[in-house]
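Engineer: Next come the chains, spelled out residue by residue.
There are 4 protein chains.
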Amino acid sequence: MKVAIVGATGYGGAELIRLLNHHPEAEIVTLHSSSQQGLKYSESYPHLHDIWNDNLVDINPEEMAKKVDLVFLATPSGISSKLTPQLKEQGLKVIDLSGDLRLKNSEDYERWYKKDAAPNEILEEAVYGLPEWFKEEIQNAEILANPGCYPTAVTLGLAPLLQQDLIALDTLIIDAKSGVSGAGRSPSAATHFAELNDNFKIYKVNQHQHIPEIEQTLRRWNEAVQPITFSTHLVPMTRGIMATMYAKAKSEFSTEQLLEIYYEAYHEKPFVRVRPKGVFPSTKEVYGSNYCDIGLAYDERTGRITVVSVIDNLVKGAAGQAIQNFNIMMGLDERTGLNFIPVYP
Amino acid sequence: MKVAIVGATGYGGAELIRLLNHHPEAEIVTLHSSSQQGLKYSESYPHLHDIWNDNLVDINPEEMAKKVDLVFLATPSGISSKLTPQLKEQGLKVIDLSGDLRLKNSEDYERWYKKDAAPNEILEEAVYGLPEWFKEEIQNAEILANPGCYPTAVTLGLAPLLQQDLIALDTLIIDAKSGVSGAGRSPSAATHFAELNDNFKIYKVNQHQHIPEIEQTLRRWNEAVQPITFSTHLVPMTRGIMATMYAKAKSEFSTEQLLEIYYEAYHEKPFVRVRPKGVFPSTKEVYGSNYCDIGLAYDERTGRITVVSVIDNLVKGAAGQAIQNFNIMMGLDERTGLNFIPVYP
Amino acid sequence: MKVAIVGATGYGGAELIRLLNHHPEAEIVTLHSSSQQGLKYSESYPHLHDIWNDNLVDINPEEMAKKVDLVFLATPSGISSKLTPQLKEQGLKVIDLSGDLRLKNSEDYERWYKKDAAPNEILEEAVYGLPEWFKEEIQNAEILANPGCYPTAVTLGLAPLLQQDLIALDTLIIDAKSGVSGAGRSPSAATHFAELNDNFKIYKVNQHQHIPEIEQTLRRWNEAVQPITFSTHLVPMTRGIMATMYAKAKSEFSTEQLLEIYYEAYHEKPFVRVRPKGVFPSTKEVYGSNYCDIGLAYDERTGRITVVSVIDNLVKGAAGQAIQNFNIMMGLDERTGLNFIPVYP
Amino acid sequence: MKVAIVGATGYGGAELIRLLNHHPEAEIVTLHSSSQQGLKYSESYPHLHDIWNDNLVDINPEEMAKKVDLVFLATPSGISSKLTPQLKEQGLKVIDLSGDLRLKNSEDYERWYKKDAAPNEILEEAVYGLPEWFKEEIQNAEILANPGCYPTAVTLGLAPLLQQDLIALDTLIIDAKSGVSGAGRSPSAATHFAELNDNFKIYKVNQHQHIPEIEQTLRRWNEAVQPITFSTHLVPMTRGIMATMYAKAKSEFSTEQLLEIYYEAYHEKPFVRVRPKGVFPSTKEVYGSNYCDIGLAYDERTGRITVVSVIDNLVKGAAGQAIQNFNIMMGLDERTGLNFIPVYP
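Just so you know, the protein sequences line up as chains X, Z, E and F, in that order. Counting in this note's numbering, the first sequence runs without a single skipped number right up to 344 at its last residue. Counting in this note's numbering, the second sequence runs without a single skipped number right up to 344 at its last residue. Counting in this note's numbering, the third sequence runs without a single skipped number right up to 344 at its last residue. Counting in this note's numbering, the fourth sequence runs without a single skipped number right up to 344 at its last residue.
Wrong hints could be hidden among the right ones.
BS3-like cross-link-like pairs, simulated, lysine-lysine; straight-line CA separation at most 30 angstroms [to be verified]: (1) E:Lys-268 with Z:Lys-39; (2) X:Lys-247 with Z:Lys-113; (3) X:Lys-113 with Z:Lys-247; (4) Z:Lys-203 with X:Lys-113; (5) X:Lys-203 with Z:Lys-113.
Hints listed in this document are in silico derivations from the structure and should not be mistaken for laboratory results.
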């Protein structure tokens, strides 16, 4: 299977290369960039010295169609909305890591992203690639919208509660924390080392563009889901997301009962690990891997459930999940090329 | 004013020395330790080389009473419950930075701390030293219970909402994050560098001993406060606490209206700074200082208020607030010796 | 004494404000910026919210002369070479924190900085402000060149060896390490959090512009000093410099003998602390303070001396030393306003 | 090929598991620990939840010989000196990651490690496993001493200079820096997060136990090598070593000429990457991989060569190199199971 990567200069693109290098069935043919075409890629990413020696190539759908079967788009928002129709026209399959194709309602996209939405027929065709829950649709997808990093952690953490209608919907609070690689590779005051190191920040309060994506997925499980409260914080670390989620249980539970429900929901999903009672995952425990680890507790004092979900934002939150979707689209075992043990410590 | 510090080998004790060094009215006479008496203090803390050249002294209330007027206890929990009665007997005033004297109900202490509580007459006499709201009581205190780090950030952040009955009490969620110095100076697997660096953890879910302390203070403002949901996370940084707090508003607000209420509540409190609309504090912005900075927003989509409160856990969350209380007890301006600008970056 | 700060938006400028705030004799009247005039300063530095409420002012030497006696220049290189003559013309004293006025030989400046040098009469007049060794000149200075961060750590560490001719000059190696705040506040790929965190880099090998500055100072003590080998590394931390320095001793020593020489050299210098045998300083032990801490050892196996010198690059390496020079220029005790205990941990 | 790991609770052991998991020819049969036998291993390392579900087993050479062919010893110093003879007696091959079997001279071991040395016949038999230079010996080894982390970075960086006699031997200085995982997993004041974060330390000045190991290897290439000056520093990061090395060239060179010599020396060694002129590696560029990356420069001003060598201390500095040696001992391609791309960022 031959693939190309567009937007290879970002962290999502670099992570695709790291992971696909181990993939027995996929071969990266070309790396593309609109801004840095012609540059030797390993000058931008010296960790690939002697590993990837080619230059970045410009983006020409017609030429790409001659060489590859599928294109990974690891571009900033606002690119794949325009590029996907051109790639589709050339008969190319697309896996889009950006937010452009995730929201079914183009008004939502324009409100939260403040950019023009992709054409409606593309939005309708695009399959939202959360493999643990939408595997059948993914199997037939030709255009795949890879979920956002936060939405992956959040929806995997909440799925059993919503699917089985266990919580009072108006009590849901999601407090999420991310490492700084999630902000991308473009330098800015907000990602300047001396401003972030030994510091902890909150950002985009009530305004994060992942809010409508989370709501859209939750509503597939329960239409009555109300507008959610979702906060995002920046942790002085490179990789990792933790979502801490709170909701009132509809009835009394024990932590054991809830864990049983989660084990049941996830024991056949190879990349979701549910932790035993009293144990909660930390972000480093999934570092560099495609796992989403979940811990939870029921508090008898308050009647509230706390669910903790962690991922590596560049793997399960981006490139790893994209490859998991690629595997499913191609009829491969979804674990192909993704059986990395987390890098610890 | 002559003072002694007991428990000088911990971070709270070291921070008292840093801050009192600038205090024009207080003089540290002796540093005490039960475990390391006789040790030259600057061998334990080389940043004090040539600044504090004396040795650590053992703890003898009778001898201490001959030399000082007041004792700061910066000890682990379980010490001041026993030591405070002895110091009181010698006529010494006490400011206790540990959790031993904060909870009025000794059963609460024993349940959450799993240790024997202090005698009831001590618990009754001890004044809870949150200077922004209990200044009058502090003025007459002889035994002062200095608030915990998390409770300081949380209660300052929530006070106006509860005092003015603005939120639905059963909707309150507190998601708190702390730097690692809050865990003290004793080495452990949980504070080992390679386990924490580039990592983000949740700990003591539903079990943190600051839960009853927060509830006790909130109930002084509104007796109907229910058991709270309070989570604590460890951030890979040295100093700083952020509490992100969520609650449904009882009626519709604008962010401006809420900020106005907070400005009104705090504009005469020198160490609380309320940020303008759209701006939220980060922990580094109070690093090394006695400030508590607060930002907030009302979300029209959800009807929820998000309040963000940050402190330096070792200053406003420990030694700085202890000195602020000392100032009030001694009839000084509460800012005396505490007018540090945060260290940034 | 009324002062102005030009280049207030950089870290050196912000640190001058933090430190001068405690200075009993200096008053900051205005903050100046060429790029951000009109901006409310605390919007750029929110840690100064409610502390410094004024806007940034443009740079007009004539107007400045009406209001202040002395100007601190905390500008990037290439500014004060042009601005200092104008300020001098208005009768203003100048303390320049940039590299523009440090090198006596304008060809050296142009070679290493790749910019036009300041006029020769300015370079001749400018006094190099290393207070521990050039105090008398500083007392009469009207234009002061504040030393670079690396040169401060290096020359204080080496002074006794060179002044007393104890080492073979052609064996001197300086391996220096710095926190990232030394790179300034402008975002760049080189200071992007995700590129630096959990990473250690070497930069500007054999090309750092502090090389001629160090050589110039060392040659004041020993004209025979040869071109030095000086390497700089970036440490994933915010503040702090360590210089590890190696040289062959001219004759056999014991570590004790060398320490005695250093104690003798520095015991009357309030900001240099020499550590006892077997103890070496770490950068955090001077964090936020104006200290330079030094440790050393003589190795009998190799005949080499290792000297370790640490400073806070923003304090003794910039703003703190500038104030120390200010004190001396103004006839004050050099410690005035600088008696901060390091912030630890 | 069936293997066992002794000392699995340390970071070296955990890294062996991560890497061997991808090895097509090796199978880990049992994990052993003297201190924590019986413990479920993934309780100690939750990142292995659902991946390694077995318990730790005690150390019984006779039992081990029934199940495996080779034992990796990832134990602290002082263990394998005693255990290796017992394993050998059972016919087991040994790869020892500790320092016990590296020094041929048992007096050196006892002087620098302050422990009893292994029996001389074991020391004589043990092959020092630096695969780039001693591959032939390794092919026939039954007892393999895996090099230390610092010695790996240092000797790979210096090999061409010494083998080709290009430097003045008495001018060699090695300034090395390491991430904190090198200090192991046992908590201590020296590895306490709040003491190390945002801090930079030097340690074991002139006393590091890797000094005789480095000298021993260098003397295989040039007997005249004199006692070296070797300093070690602790960087606030988890993984990575950089060695910055300085020496006077015996004659004049250009940087290009030296790079040519290094390319020649290493172009057939798959895990050593020499960087082009003007480019130096940073530690993150080899993170999680078995690469040793090298950059260098010749300084015409001083006649000195600067060589910079970086490795991941847990991979090329421990577990990865052990597997590279395993591959060679077993007659496999040395890259087998080690073709990981570095994790970046």
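Engineer: Would you pick out the hints that fail for this structure and give their numbers low to high?
Structural biologist: Failing hints, ascending: 4, 5.
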